[in-house]
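2 protein chains.
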Amino acid sequence: MTNSSRAACQALDADDPLAPLRTWFDLPPGMIYLDGNSLGARPHAALQRAQQVIQQEWGHDLIRSWNKAGWFDLPSRLGNKLAPLIGAGENEVVVTDSTSINLFKLLAGALQIQAASRKVIVTERDNFPTDIYMAQGLTEWLDRGYRIHLIDTPQELTTAVNAETAVLMLTHVNYRSGHLHDMQAVTQAAQEQGALVLWDLAHSAGAVPIDLHAANADFAVGCTYKYLNGGPGAPAFAWIAPRHHAQFRQPLSGWWSHQAPFTMQPAFAPGEGIRRALCGTQPVISLAMVECGLDVFAQTDMHALRRKSLALTDLFIALVESRCAGLGLALVTPRPHAQRGSHVSFTHVHGYAVMRELIAHGVIGDYREPQVMRFGFTPLYTQFTDVWDAVSILRRILADQDYEIDARQEAVT
Amino acid sequence: MTNSSRAACQALDADDPLAPLRTWFDLPPGMIYLDGNSLGARPHAALQRAQQVIQQEWGHDLIRSWNKAGWFDLPSRLGNKLAPLIGAGENEVVVTDSTSINLFKLLAGALQIQAASRKVIVTERDNFPTDIYMAQGLTEWLDRGYRIHLIDTPQELTTAVNAETAVLMLTHVNYRSGHLHDMQAVTQAAQEQGALVLWDLAHSAGAVPIDLHAANADFAVGCTYKYLNGGPGAPAFAWIAPRHHAQFRQPLSGWWSHQAPFTMQPAFAPGEGIRRALCGTQPVISLAMVECGLDVFAQTDMHALRRKSLALTDLFIALVESRCAGLGLALVTPRPHAQRGSHVSFTHVHGYAVMRELIAHGVIGDYREPQVMRFGFTPLYTQFTDVWDAVSILRRILADQDYEIDARQEAVT
Numbered sequence: 003m004t005n006s007s008r009a010a011c012q013a014l015d016a017d018d019p020l021a022p023l024r025t026w027f028d029l030p031p032g033m034i035y036l037d038g039n040s041l042g043a044r045p046h047a048a049l050q051r052a053q054q055v056i057q058q059e060w061g062h063d064l065i066r067s068w069n070k071a072g073w074f075d076l077p078s079r080l081g082n083k084l085a086p087l088i089g090a091g092e093n094e095v096v097v098t099d100s101t102s103i104n105l106f107k108l109l110a111g112a113l114q115i116q117a118a119s120r121k122v123i124v125t126e127r128d129n130f131p132t133d134i135y136m137a138q139g140l141t142e143w144l145d146r147g148y149r150i151h152l153i154d155t156p157q158e159l160t161t162a163v164n165a166e167t168a169v170l171m172l173t174h175v176n177y178r179s180g181h182l183h184d185m186q187a188v189t190q191a192a193q194e195q196g197a198l199v200l201w202d203l204a205h206s207a208g209a210v211p212i213d214l215h216a217a218n219a220d221f222a223v224g225c226t227y228k229y230l231n232g233g234p235g236a237p238a239f240a241w242i243a244p245r246h247h248a249q250f251r252q253p254l255s256g257w258w259s260h261q262a263p264f265t266m267q268p269a270f271a272p273g274e275g276i277r278r279a280l281c282g283t284q285p286v287i288s289l290a291m292v293e294c295g296l297d298v299f300a301q302t303d304m305h306a307l308r309r310k311s312l313a314l315t316d317l318f319i320a321l322v323e324s325r326c327a328g329l330g331l332a333l334v335t336p337r338p339h340a341q342r343g344s345h346v347s348f349t350h351v352h353g354y355a356v357m358r359e360l361i362a363h364g365v366i367g368d369y370r371e372p373q374v375m376r377f378g379f380t381p382l383y384t385q386f387t388d389v390w391d392a393v394s395i396l397r398r399i400l401a402d403q404d405y406e407i408d409a410r411q412e413a414v415t
Numbered sequence: 003m004t005n006s007s008r009a010a011c012q013a014l015d016a017d018d019p020l021a022p023l024r025t026w027f028d029l030p031p032g033m034i035y036l037d038g039n040s041l042g043a044r045p046h047a048a049l050q051r052a053q054q055v056i057q058q059e060w061g062h063d064l065i066r067s068w069n070k071a072g073w074f075d076l077p078s079r080l081g082n083k084l085a086p087l088i089g090a091g092e093n094e095v096v097v098t099d100s101t102s103i104n105l106f107k108l109l110a111g112a113l114q115i116q117a118a119s120r121k122v123i124v125t126e127r128d129n130f131p132t133d134i135y136m137a138q139g140l141t142e143w144l145d146r147g148y149r150i151h152l153i154d155t156p157q158e159l160t161t162a163v164n165a166e167t168a169v170l171m172l173t174h175v176n177y178r179s180g181h182l183h184d185m186q187a188v189t190q191a192a193q194e195q196g197a198l199v200l201w202d203l204a205h206s207a208g209a210v211p212i213d214l215h216a217a218n219a220d221f222a223v224g225c226t227y228k229y230l231n232g233g234p235g236a237p238a239f240a241w242i243a244p245r246h247h248a249q250f251r252q253p254l255s256g257w258w259s260h261q262a263p264f265t266m267q268p269a270f271a272p273g274e275g276i277r278r279a280l281c282g283t284q285p286v287i288s289l290a291m292v293e294c295g296l297d298v299f300a301q302t303d304m305h306a307l308r309r310k311s312l313a314l315t316d317l318f319i320a321l322v323e324s325r326c327a328g329l330g331l332a333l334v335t336p337r338p339h340a341q342r343g344s345h346v347s348f349t350h351v352h353g354y355a356v357m358r359e360l361i362a363h364g365v366i367g368d369y370r371e372p373q374v375m376r377f378g379f380t381p382l383y384t385q386f387t388d389v390w391d392a393v394s395i396l397r398r399i400l401a402d403q404d405y406e407i408d409a410r411q412e413a414v415t
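Same order as they appear, the protein sequences are chains C and F.
Numbering-wise (this note's numbering), the first sequence opens with residue 3 and increments by one.
Numbering-wise (this note's numbering), the second sequence opens with residue 3 and increments by one.
The shape of chain C in the complex, shown without the other chains:
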């Protein structure tokens, strides 16, 4: 193949129109960071923005910053800035709370809108577990006969979604395999069966082009601290199709979702539109950091990022399969571009130990049970030479069996 040398990768970097965007990020020298799908790298701007929020807005302006610095409107303002990345419109997105909590709100709202006779929530057994746990929590508490139907392959969708389905709840890009659903086709097929469709964009927002309106999706949640580089645990986002705004209700009806929060009425009355997805006061410092991640995206567009993402994942798959052939790795991630997100996973029988050794050598990926090594490629800052060098180190570790197979497993979020 033409890219099978480091020099060829250097040439790809030299020709990469997105290469200058790497300078927006603080990337530790000597580290090959392939875990932006778990925690995005730090935009340089984040430090200065934090200083501004802490010194000026909190320290100096204090309580006045709720209005003066726009803290109260931050969930909406950031939502509007994020919206173009997911094909959403103005006043359709809020950045708030966690992905789990937003999923709970939107799933509850979907069940309320849906016909009460439809009792099944369809999702994948391999969905990120917290999505299933939240659906479980909600339905067990409602105790109205709802049940969760877990499917094992995307092919089952055609039969699993039927006249009993209330909501189809899917993660757009699978956290472990990197499998990408065809949002438009899946949404349309499910809606033809009368289901509502809720997408979790945690592993796709900022990684692949998304057009919620073109797909006619109903609801979406997602994460800002992965490909959107919003900072550790930064608040998540929620989107509701405008056609559902008027009927939408959710049980976490805190004062930020009230139509007049400062009139201090003892009875709840919902506000307008997407504000109905809000609940309580937000962690302003973490929330403010989200903007620094979003600002980088204004320098490019999702289609340019997708081109580079596919070039990076193609290269990684090809180099691993050629240079690490016979060393026990098996590709988990789909080969077709249309089914691939922006991370690539391989299994290895000692996957945890191998990943631990990779990390010790400065190649930061992560590990997910069972046996899966994940490598995330963030086109904003990952270089083609990073891919070459990561594979070189992986090959050496595997060839030399230079890993401790009894390594104690530690949690990595």
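Keep in mind the hints are simulated off the structure, nothing from the lab.
Some hints here could point you the wrong way.
Listed next, with one range per pair, are the computed distances between beta-carbon atoms [as the list claims (entries may be wrong)]: (1) C:Pro19 / F:Gly72: 38 to 44 angstroms; (2) C:Val351 / F:Lys70: 23 to 29 angstroms; (3) C:Glu406 / F:Gln114: 41 to 47 angstroms; (4) F:Ala9 / C:Glu274: 52 to 58 angstroms; (5) C:Glu274 / F:Leu152: 22 to 28 angstroms; (6) C:Thr161 / F:Asn164: 38 to 44 angstroms; (7) F:Pro244 / C:Pro19: 55 to 61 angstroms; (8) F:Ala16 / C:Gly364: 55 to 61 angstroms.
In silico negatives: residues of chain F with every beta carbon more than 10 angstroms from chain C [as the list claims (entries may be wrong)]: (9) Leu23; (10) Thr25; (11) Thr101; (12) Arg277; (13) Ala300.
A short, non-exhaustive set of chain C residues, derived as facing chain F with CB atoms under 10 angstroms [as the list claims (entries may be wrong)]: (14) Leu23; (15) Thr25; (16) Trp26; (17) Phe27; (18) Ala48; (19) Ala52; (20) Ile103; (21) Ala110; (22) Asp145; (23) Tyr227; (24) Leu254; (25) Met266; (26) Ser288.
Bear in mind that the values here come from a model prediction, so they are computed numbers and not experimental data.
Virtual Cβ for every residue (Gly too), placed ideally from N, Cα, C.
Assemble the complex: chain C is given as a structure, and chain F must be docked to it using the hints.
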């Protein structure tokens, strides 16, 4: 009275053993900040801690910080640091999510533990509205015949809490009036009727001594960004009496409350103890700031703070009533120490406009509908001379009618 001169207040400051703690905070020169009950002032340490989290933990160590920097354990570690301030024990408190969301979790858990035949949640009409909204959201969604009984005076508690009561849910210090409940007596009386008692400590944690164990309370939530100085919108806390840990379940059962979050099981199984109150990934930067606020409390104790708090509020009430006599102010806050938190409220027919003018003159209090001007006294940094000077400015504004009565009202959180 003996304190009726600025010189007398200067002498009180000179004698104040807590006076040195003011140097731990960044307080803008020329400002008299009497709104720490809404947003606590910034500890100097917060800036450096934010730099550490952003540059070192996020920027340099990246994903490894979930373990290396203890991000994953931060809710528990901060909970343990907060626990002594509220009379809680080790592994009984987590700092996580918002007060509204924590209240939802704990109220849901209380209803689950309580006999199903008990269908009434008792609270005050004058409770902070979001507490009522969350109870409304929960009970309407459960749709099992629960209803909320709103009482108008604390005296009604004796009849309102009865054999039908599932949960008595009260805010310890009322956000508007500053009224302080007798936690021990109220808890005991309610429990004698078979009710569970959930306390919202938003306006009392860090402001008054609290002993959840001595009071035999069942559940508590509270806020870290008011008297605890944790930063704007910083994550809230949740406490569950150890006797309830084993039975406790809540519907926001995200992966952080799972017994083995990283084994990625599709079925939810609750973790141990207070971790059951967790849900999803936390906003690390905002969460980390909470520690800077808590660290100041290690320099003193709640009884010393209470002595100064009462001295400050006594002084404020006395000076307003003497120096502003006949100028239209009426005290809202109870006079007995045992019924008073750490803020004082007065009504004025033009309360909003007067507060606006006070703020323009550097005296930062806030306003709550209807007609209530609130003044918060934070013994960690409020000086006796601040009280004198604030009253002087208030008197001049009222005496000169130096306020714009048509001032447009703006929201202040």
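*Range hint compliance [Cβ, C:Glu274 to F:Leu152, 22 to 28 angstroms]*: With Cβ atoms ~26 angstroms apart, the hint holds.
*Taking 10 angstroms as the limit, does the beta-carbon of C:Leu23 come near enough to a beta-carbon in chain F?*
violated (17 angstroms)
_Within 55 to 61 angstroms: is that where the Cβ-Cβ distance between F:Pro244 and C:Pro19 falls?_
holds (59 angstroms)
*Would you settle whether the hint for C:Met266 is holds or violated, based on the nearest Cβ-Cβ distance to chain F being less than 10 angstroms?*
holds (5 angstroms)
*Cut-off 10 angstroms, beta-carbon criterion: hint that C:Ser288 touches chain F*: Where the cut-off is 10 angstroms and the nearest Cβ of chain F is about 3 angstroms from C:Ser288, the hint holds.
*Could you check if C:Ala110 really has its C-beta closer than 10 angstroms to a C-beta on chain F?*
holds (7 angstroms)
*Any CB of chain F closer than 10 angstroms to the CB of C:Thr25?*
Violated, about 14 angstroms.
*Assertion that F:Ala300 lies outside the chain C interface [Cβ separation over 10 angstroms]*: holds (21 angstroms)
*Once the closest CB in chain C is found, is it more than 10 angstroms from F:Leu23?*
Check passes; 17 angstroms lies beyond 10 angstroms.
*Holds or violated: is there a CB of chain F closer than 10 angstroms to the CB of C:Trp26?*
Where the cut-off is 10 angstroms and the nearest Cβ of chain F is about 13 angstroms from C:Trp26, the hint is violated.
_The hint says 38 to 44 angstroms between C:Pro19 and F:Gly72; measuring C-beta to C-beta, is that right?_
holds (40 angstroms)
*asked:* If I claimed the Cβ atoms of C:Glu406 and F:Gln114 lie 41 to 47 angstroms apart, would that claim hold in this structure?
replied: Check passed, 45 angstroms falls within 41 to 47 angstroms.
The structure is inconsistent with the numbered hints 6, 11, 14, 15, 16, although it conforms to all the rest.
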